[in-house]
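S.K.: These protein sequence lines map, in sequence, to chains A and B. In terms of this note's numbering, the first sequence is residues 1 to 306. In terms of this note's numbering, the second sequence is residues 1001 to 1257.
In short, the hints are calculated from the structure, not lab data. You may find that some hints are simply not true.
Claimed, not checked - List of simulated lysine-lysine pairs, DSS-like, C-alpha gap at most 30 Å:
#1 B/1166 x A/141
#2 A/264 x A/288
#3 B/1049 x B/1201
#4 B/1088 x B/1166
#5 B/1053 x B/1201
#6 B/1088 x A/141
Stated by the list, open to error - From the structure, some residues in chain A lie toward chain B, with a derived Cβ separation under 7 Å:
#7 53
#8 54
#9 73
#10 76
#11 89
#12 100
#13 101
#14 105
#15 106
Said to hold, decoys possible - Every beta carbon over 12 Å from chain B, so not counted as near; a handful from chain A, in silico:
#16 31
#17 62
#18 127
#19 266
Just so you know, even glycine gets a beta-carbon here, dropped at the ideal spot from N, CA and C.
Here are the chains, one letter per residue:
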Amino acid sequence: MLALAVRNLVKTYPNGVQALRGVDLEVPEGDFFALLGPNGAGKTTLIGIVTSLVTKTSGTVEVFGSSIDTALEQAKAHVGVVPQEININYWDSVYNIVTTQAGFYGMTPRQARERAEACLEQLQLWDRRRDSGRELSGGMKRRLMIARALMHQPRLLILDEPTAGVDIEIRRSMWEFLREINAAGTTIILTTHYLEEAENLCRHVAIIDHGQIVERDDMASVLRKLHAETFVLNLREAISTAPVLSGYSVERVHDHEIEVEVTKDQDLNEVFAGLSAAGLHVVSMRNKSNRLEELFLRLTAREPAE
Amino acid sequence: MNLRTQLVALLTLLRKEYTRVFRIWVQTIVPPAMTTALYFLIFGNLIGKRIGKMDGFDYAQFIAPGLIMMQVITNAYGNVVSSFFAAKMQRHLEEMLVAPMANWTIILGHAFGGVVRGLAVAATVTVVALFFTDLHVAHPFITLSVIVLTAFVFSLGGLINAVIAKSFDDVSIIPSFVLAPLSYLGGVFYSIALLPEFAQKISLLNPILYMVNAFRYGMLGVSDIDIGFAYAIIVAFAVGLFAFAMWLIRRGTGIRS
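Please build the complete structure, drawing on both the sequences and the hints.
M.R.: Structure (structure tokens):
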């Protein structure tokens, strides 16, 4: 079954900006799905339409078979959303925030109390349950929004930049947590600027740009489409100009560092052999950016402004 | 969601609203008591003694129902407009919008919150009034039903204001420039029988006049206008404003992009 089915979705804002230009997207149940795109590509608008915060211009959206046109409340009951912007009541306590949200989804106070303990424990916020929203750190606010979104045990969890501004330790513990709830059956759609995050967590990916899906496949296939990677090589010997390697693009970064672009039909061994022949020894090597980031930049590269 | 779950959501929202009212009671309950005490002291006692009887009652007694009603109107309206607009500005209104709550649930939850504040203020102001004058209730059902309906009407008004408002200025314009004049000219301090004929006719266009007089009839048993017609006006406003609020929320005016 499809957790999310979006067909020919169009959104034109009153000021004429066309945020979505006929988006088609399917996310199967149980998937961990990355929705990527540069700022202003239409990710948040798409999520806004699915969660009914944004009205669509045309097209259809179904969540687990429930159309947002004919069965909106049923569709919304399946979805938990963690928005990009912090949207908690700063004056309310952590505990009230999650139990109130549960009530909005029809959970009785008793059910909400039991679930609140589980969710806040999972997100390491139980000890802070009496604190008000304004007393929490940025990372805690993000975790609170995840706890809030999970209160009604949604079948589809949508996370819009959930780890923005969160330190690396908490980010990794959040990854672990998200992997666990996905393994337990919750479908997850994730938008993120940390492409490493998408590469680590997600099985499928869609890249949206200028309001259109420009790539949609499983993560491994998408990464295979990357035609070239750039490697940064550290050299033992100092160089004043970039060495010439036939068929390769080489750039000198500084005395002991060069960048080499290697396409899919080329071979790193040839690079090492060429450098060795030139009397240069490679001390260490790394990717200039992660592979998804490289592909992402290539797919969404903008034409220079006229 | 079925009716049961909508009712759970409604009660949750109502609990959230009245918890807020009583948590910040110094801002929500105390100021109307203070203002009303001043009205009674100045108009009821100092000036009222020189005015004498009005419609057969001491002036302090005569203005008591109007003062209570004026505070109910102001506070019911103010409660919803501030609660809803703050939620909109802080974006935690989205908690409700993403949940499977029906539009009527969102509207009634906020409106009932306004009614709770209106009734809490009415009770407090009534206690204050008892320090300055004797009060009795001639028609308990009319008294209670009119105050609840009036609080409901102005709670809906506050909600509509908050939905449409884009800035803090927009939420203060209606209370300052519409509600206050209509309240003061709505027969709180006088019987419209004292006015020239043309002013009486103009006064009949003021909906607050009907609410104040219906409430005064409930408490004192006297009214400038027909009580049945007053009920019809109040109910018509309640139905009309509810329908308008439903239309606004369904359209997403001010709350959805």
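S.K.: Hint numbers the structure violates, sorted upward?
M.R.: none
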